[in-house]
Amino acid sequence: MNIDEYIEQHCSEEGEVLRFIEHDTNVNVLNPHMLAGKVEGRVLSLLSHMIHPHRILELGTFTGYSALCLAEGLEEDGKLITLEHNDEQEDIIRRNLSLSPLGKRIELRMGDALETLAQMQKDKEIFDLCFIDADKRQYSAYLDAVLPLMKEDSWILADNTLWDGHVIDSAYDKDKQTLGLRAFNDKVMALGLESAILPLRDGLTIIHIWKNK
1 MNIDEYIEQH CSEEGEVLRF IEHDTNVNVL NPHMLAGKVE GRVLSLLSHM IHPHRILELG
61 TFTGYSALCL AEGLEEDGKL ITLEHNDEQE DIIRRNLSLS PLGKRIELRM GDALETLAQM
121 QKDKEIFDLC FIDADKRQYS AYLDAVLPLM KEDSWILADN TLWDGHVIDS AYDKDKQTLG
181 LRAFNDKVMA LGLESAILPL RDGLTIIHIW KNK
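In our numbering, the protein residues as written are 1 to 213.
A couple of the hints might just be wrong.
Pairs of lysine to aspartate or glutamate, EDC-like flavour, derived with a Cα cap of 20 Å [stated by the list, open to error]:
no., residue 1, residue 2
1, K176, D153
2, K38, E76
3, K151, E76
4, K124, D144
5, K151, E194
6, K104, D153
7, K79, E152
8, K79, E107
9, K211, D144
10, K124, D91
11, K104, E90
12, K104, E115
13, K211, E152
14, K38, E22
15, K38, D87
16, K104, E76
17, K211, D153
18, K151, D169
19, K122, D112
20, K79, E13
21, K151, D91
Just so you know, these hints were derived from the structure itself, not from any lab. As the structure is a computational prediction, the values presented were derived from the model and not from experiment.
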């Protein structure tokens, strides 16, 4: 047994629907490693419960697993909006969300994330919690687009910010995804945002927005 297996064995169960989505994704979907998985899913759920968000924004739906985890902590009348650009995933996402009662509180918006975020700014939408897990090359642009949507005393979570250690490996100095994540990590520090990177799975950054300027 390795430490990851030990951690998973000592982590709360995620429920039948999420187990099905994880299994189905691993069997039937390309790049199943993109799914958050049990341990990170439980962390997302716990953080959401701690924050008690009324509105959650997610960038990158994949097969809907993380959206359902985050939705577990929504206020009773809360809503989660999740953005996905890969239209080949849409039918799978909608099916998976429909398997859970929480799916009724999740709105899927298909299309380019930056274009959708620009429209959200125009519509003056506001959120308590945001989870960024989309195109790694665009993380800095996502942060710029998301910050105006966050209310005072809100939270941003960003996945994959250690990128399997590539962020400190010179062998990946020309890899665009690695460069995108390095730029994001540097931008978080340059902006003076209160943050910490957890060495969870592939790196999870937690950012607290005390006051949105």
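Verification of the hints:
Under the criterion of a C-alpha separation no larger than 20 Å, the hint pairing K176 with D153 is inconsistent with the structure, at around 32 Å. Between K38 and E76 the alpha-carbon distance is near 24 Å, which puts this suggested pair outside the 20 Å criterion. Restraint check for K151 and E76: satisfied, since their Cα atoms lie roughly 19 Å apart, inside the 20 Å limit. A distance of roughly 15 Å separates the Cα atoms of K124 and D144; the hinted pair therefore holds under the 20 Å criterion.
The suggested pairing of K151 with E194 holds, with an alpha-carbon distance near 15 Å, which does not exceed 20 Å. For the hint pairing K104 with D153, the CA-to-CA distance comes to about 26 Å; that exceeds 20 Å, so the pair is violated. The straight-line distance between the Cα atoms of K79 and E152 is roughly 18 Å, inside the 20 Å bound, and the hint therefore holds. A distance of roughly 8 Å separates the Cα atoms of K79 and E107; the hinted pair therefore holds under the 20 Å criterion.
Taken as a hint, the K211 and D144 pair is honoured in the structure, with Cα atoms around 15 Å apart against an allowance of 20 Å. For the hint linking K124 to D91, the alpha-carbon distance of about 29 Å lies beyond 20 Å, and the restraint is violated. In summary, the hint linking K104 to E90 is supported, as the alpha carbons are separated by about 16 Å, within the 20 Å threshold. Distance check on the hinted pair: K104 and E115 sit about 24 Å apart at the alpha-carbon level, beyond 20 Å; violated.
Our distance criterion of 20 Å between C-alpha atoms is met by K211 and E152, whose separation comes to about 5 Å. For the proposed pair K38 and E22, the alpha carbon gap of about 8 Å is at most 20 Å, so the pair holds. At most 20 Å may separate the alpha-carbon atoms for a hinted pair to count; K38 and D87 exceed this at roughly 25 Å. For the given pair, K104 sits about 12 Å from E76 by alpha-carbon distance, which is consistent with the 20 Å threshold.
Pair hint K211 plus D153 holds up; C-alpha atoms about 6 Å apart against a cutoff of 20 Å. The straight-line distance between the Cα atoms of K151 and D169 is roughly 36 Å, outside the 20 Å bound, and the hint therefore fails. Distance restraint check for K122 and D112: the Cα-Cα separation of roughly 16 Å lies within the 20 Å cut-off, and the hinted pair is therefore satisfied. Pair hint K79 plus E13 does not hold up; C-alpha atoms about 24 Å apart against a cutoff of 20 Å.
Between K151 and D91 the alpha-carbon distance is near 32 Å, which puts this suggested pair outside the 20 Å criterion.
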